[in-house]
Every structure is written in C-alpha cells, then in structure tokens.
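**Q** Following the hints, put chain B in place on chain A, whose structure we already have.
Now for the letters of each chain:
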Amino acid sequence: MRLDQRLIAGMIRPRTRVLDVGSGDGALLDYLFRNSGCDARGIEIDMREVTRSVAHGLPVMHGDADHDLVHYPDNAFDYVVLQRTLQAVERPREVLRQMLRIGRYAIVSFPNFGHWRLRMQLLMRGRMPMTSVWSTPWYDTPNIHPCTILDFLTLCRDEGYVVQQWMAVDEDGERAPWRRSIRLANLFGEQALFLLRRKDTPHK
Amino acid sequence: MDQTNPATTLSHQHVSFPDGLQLDCGFHLAPVDVAYRTYGTLSPARDNAILVCHALTGDQYVADPHPLTGKPGWWGRMVGPGLPIDTDRFFVICINVLGGCMGTTGPRSLRVNEDGTEEPWGTDFPAITIRDMVRAQHLLVAHMGIDRLLAVVGGSMGGMQVLEWCATYPEQVFAAMPIATSPFHSAQNIAFNEVSRQAIFADPQWHGGRYWECNEIPARGLAVARMMAHITYLSEAALTRKFGRRVRTTPGRGAAGGPGALFGEMFEVESYLRHQGSTFVRRFDANSYLTITRAMDYFDLGAEHDGDMSRPFQGTRTRFCIISFSSDWLFPTSQARLLARALNQVAANVSFVEIDSDKGHDAFLLDEPDFDRTIRGFLCGAAEHAGIG
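Those protein sequence lines, which keep their order, are chains A and B. Taking the UniProt record's numbering, the leading residue of the first sequence gets 1, the next gets one more, and so forth. Taking the UniProt record's numbering, the leading residue of the second sequence gets 1, the next gets one more, and so forth.
Next up, chain A with everything else stripped away, as it sits in the complex:
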C-alpha cells in the first residue's frame, strides 16, 4: 500500500462504511477490511483491476466517479474516498457534491498544480509543464481539470464544505512538512490530501 494510502486509512475510523472511488488494485479496501473491520467497497474504471480485486474477494464494481455515484442513496457511507483522480473526472464539482451526499465525509487526494516546479517550467519555458507527477503531454493527458491547493480550498468554501483535515504529501506519499502554512504547502506539496465534511455533519 502506498504511503498516502496509509495516511488515508489513518483518517478512517474503524468499523465504518467506506466507498473507495478508483480503488485500483484494492490495497486500501483490503487494509480497511482486515485492519479496521470496515465495510469497504470499491468502484474502479479499469476492468483488469476490477477482476483482480473481485478475484481477491474484495467487493468492487466496474464504474466511475462521474456516472456511478449518482445511483447511491443519501448517507449510504461514512467515508467516500477519491484518490488522485479528481483532476481526471469530467465534472469535479459535481463529483464532490455526490461524494458528500452519499457519504458523511469525503477524503480527496489530488496532484497539486501549484507546485513550484510546474510554476517555474511554465514561467521559464513558456510550455505546458512536464514532471514526474504530470508526466503526459497536454494532448494525451487524462488530467483535464488540474487545480492547485488554493483553488481546491476556494471550491470547498464556495460549496460550504468544512475542511476537517488537510496535508501536503510528496509523490511517494510521504507526508510533507508544510503543516502550518497552506501557501507553502501550495508551493512545495506535490500531492494534497483533504478530509471534508458537510456543514450538517457534526465534528467528532
């Protein structure tokens, strides 16, 4: 399991209902079931990963964030997790709304487009940045909605979501040391990780 998945698992209380949107190889689901006693389920767009997960006894269905969340009832889950995918969905704002409709909490991670290396490349070269995180050329990239940590915070404020916890994470998933200043995190964090809740979900 990637280090940032451990950070996500650390945000999830034991014995809760979890939907992992983009569950990949199912590592987080497996961890949450075995170590936290969670009722953890997945949605995954890559059929090979779905087959592999189900063959490991994990409850995963083929689907995606844009089209399948809408079918779940309100408050079906305690947590809805979206890992490193927000920038690739068709309608990020709608996906967040759905996540916080069907779940009491949303855990969202995404690559931060505000990282200094990206800013630098665009400034110096005048071309779309290419880094290890943003590694596909503009005409091929699935990342159609990149955003910065500050952009995401603004969206949360506009939509009325409470940021219960946030952290910057580097590409390997190690927690970055920018815990106090969101502006420094926006400059030096390669990935961002947020725990959101609806205003009407009481803080515990």
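What the hints contain is simulated information worked out from the structure, not anything from laboratory work. A quick note: this is a predicted structure, and the numbers were derived from the prediction, not measured. Backbone N, C-alpha and C fix where the C-beta goes; we use that ideal spot for every residue, glycine too. Careful, some of the hints might be misleading.
As the list claims (entries may be wrong) - Now the in silico label distances, taken between C-beta atoms and shown as ranges:
| hint | chain 1 | residue 1 | chain 2 | residue 2 | range |
| --- | --- | --- | --- | --- | --- |
| 1 | B | H305 | A | E94 | 22 to 32 Å |
| 2 | A | S132 | B | Q276 | 49 to 59 Å |
| 3 | B | D358 | A | P142 | 37 to 47 Å |
Stated by the list, open to error - Derived, one-sided and incomplete: chain B residues facing chain A with beta-carbon distance under 10 Å:
| hint | residue |
| --- | --- |
| 4 | Y169 |
| 5 | R337 |
| 6 | A340 |
| 7 | L343 |
| 8 | A347 |
| 9 | N349 |
| 10 | D372 |
| 11 | C380 |
**A** Relative to the frame of chain A, chain B by itself:
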C-alpha cells in the same frame, strides 16, 4: 405413454412434497416432485451450502455424466474438488427447475384425471414463473434443514433464479452470483423465444401438445427451436472462429442432392447447428421448453414491485457479484449494469465484472480463466465474511 423416449422412464433422485405449491398464477400444484443432485458434504452447522441454478435447457446433472446423453456435467469444469466452486469445501446443490423434464414436476409428469386415469399434463400444465421455480427449490432446501445458503449461483435463466431467491428469501442468501443475466427478459429475447415456440407449434407431430398419444415427439420443431436459440448463445466472432465459411468435403444430404444442386454441399456451421438440434430433442421435452421459455418471458423484477427494480432488494444484506460477458448480446452488459445500479440504489454490497470474451452468451459455460478466478475469489471472500473456515 411414449415408450420410444427413454427420458420418460428414467428415475431421478428426488423428494416428493404432497402439499405442493401455490403458484403465482393462482393454481395450487400438488403434489410436487423436486429432483436434484448434491456434491460435497454438508457441514455439521449446515452453513456451507451453495445452490447452483441451471439455465433454460440445463438440468441438475451439473457435475456428473448426463443419464441420457452420457456427456459430462454441464458445469463440470466449474463444480468439483479443487475447482472454483470447490466441493471439498462447499456442499453444492443443483435442482431441476419446476416445469422441467428431468424429474421435477413438469408438463411430462402424470396427473390424475377426474375418472381416476393418469395422463401427462402436457399443455394443461399451469403457467409458472421464475419465482415459482425458486419456491420449489426452497421446499427442498428447507427439507434439507438448511436455513441459509452460503451462495446462490446461476447463469442466464439460472441468474434470474438467483435474483428471485434474493428478492423472495433475502435472509436465506448470504451471497449471490447472477451471471450473464438481466433483471427482466427483454423484448428481443421474448421475440426469439416466440420464434422457438412457433417452430414447435408448426411441427405436424406436435399434435396440439398431446404428442404422447401418437407415440411421437415434435422433433423437427424442437430441433429448429434449439438451432435458432443456439445462434443467440454465440457471437459472430465465435462463429467465424469456429466455422468461418468452411464447407464440408462430403456433400450433405440436402433437399436436392447431386452435383450443382442448391443444397448439395453444407457449410460447417449448418452441420453444427443440425447436430445441436438433433441431440437436443433426445433429452428435452417440447412442452417443458414451452413452459420454461414462457416463465422467462414473464420475468421482470421491477414489474413485480411497481416498476421499481431496486425495491425487492431494499434492506438486503446479501453480497452480490454480477458478471457479464463483453460479447453476450442476448444478456448484454448494459442490462447487467441496470441491475448493478438498482442494487446501488439500496446501497447493497455489489461487485460487478464484465469478462472480456468473444464467445457470446455461452461464455459462462466455457473456459474463461478470468471468470473462474472471479467465481473462486468471490466465493472465498463470501465464505470468509460468513465466518466459514
């Protein structure tokens, strides 16, 4: 009685229920015989039973040789020791459906007339539904002292039974695998069934459904029905791969033989279909075919619940694993997805896999390694969650 057909004299392992069943159509059918096969050993806690539901023309001989044809069981590659549905671990039950012709009460069963004479039900056999089939299965499962099935598994019409089990006896199904199936029978599928039935009706040996009186069977009509249906079980890619445009080297016995004749030679695909048709009529009863295809046509889970497909699953605690096949055009993935979404609406625990295959609907009976892995993994996961070692 038809003495020419060995199927009518064969005896099958069965339990008789003298009180019978109240059917959806209002008719009370009694007595009801339920024929079945079991594999593996029922655990002392009776918690390791898996019910396998067969498709339209299947039967209870899922993993041992067929008593009429001698061919291996229809899912012998899936059910057995060490196989994905592992009989070293699980107790597997397979039941001939109500309306069938392999020992469970159906149109070929005898009824007692008012004057005390006996004759087969024939076309007087009441219209049954998939739910009636499931109720008959439930009689046997309860008779075995099993309160909860670890899993109910089935493909095609078997998948319809799986769904009906979950809707009718939700507390008694821990895990469910509806495979290559749909929550309702589509207009296209009803249309194909109708062509099959018309082929049987058009056979002069059909005799209005009382063919046993003439010691005949509507073999030609039933064979045509099977040939047509068989095409729908395959795919264009599978037909091309297996037969292409190849012609048999020895001229077939066409309507007009001889050189230059219209039907002087036979495409391999034609020969294959004729073989499928002719072997089928030796083991299957035409009236059963009519009764069961009609039950499939009536199947519509939503309609049974005011048009809401998710309502029968409200509050379900069953773990579902829906499987479809990419080249199945009879029960396409789009219909499986409707089912998955209906289950999402009630926040059911759903796995949903589309297996990539070019073998069409029949893929669930054939060698598909990903499919095997999915079944094995899902059942192991279910057993773990059910607390079965």
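**Q** So which of those numbered hints doesn't the model satisfy?
**A** 3 and 4
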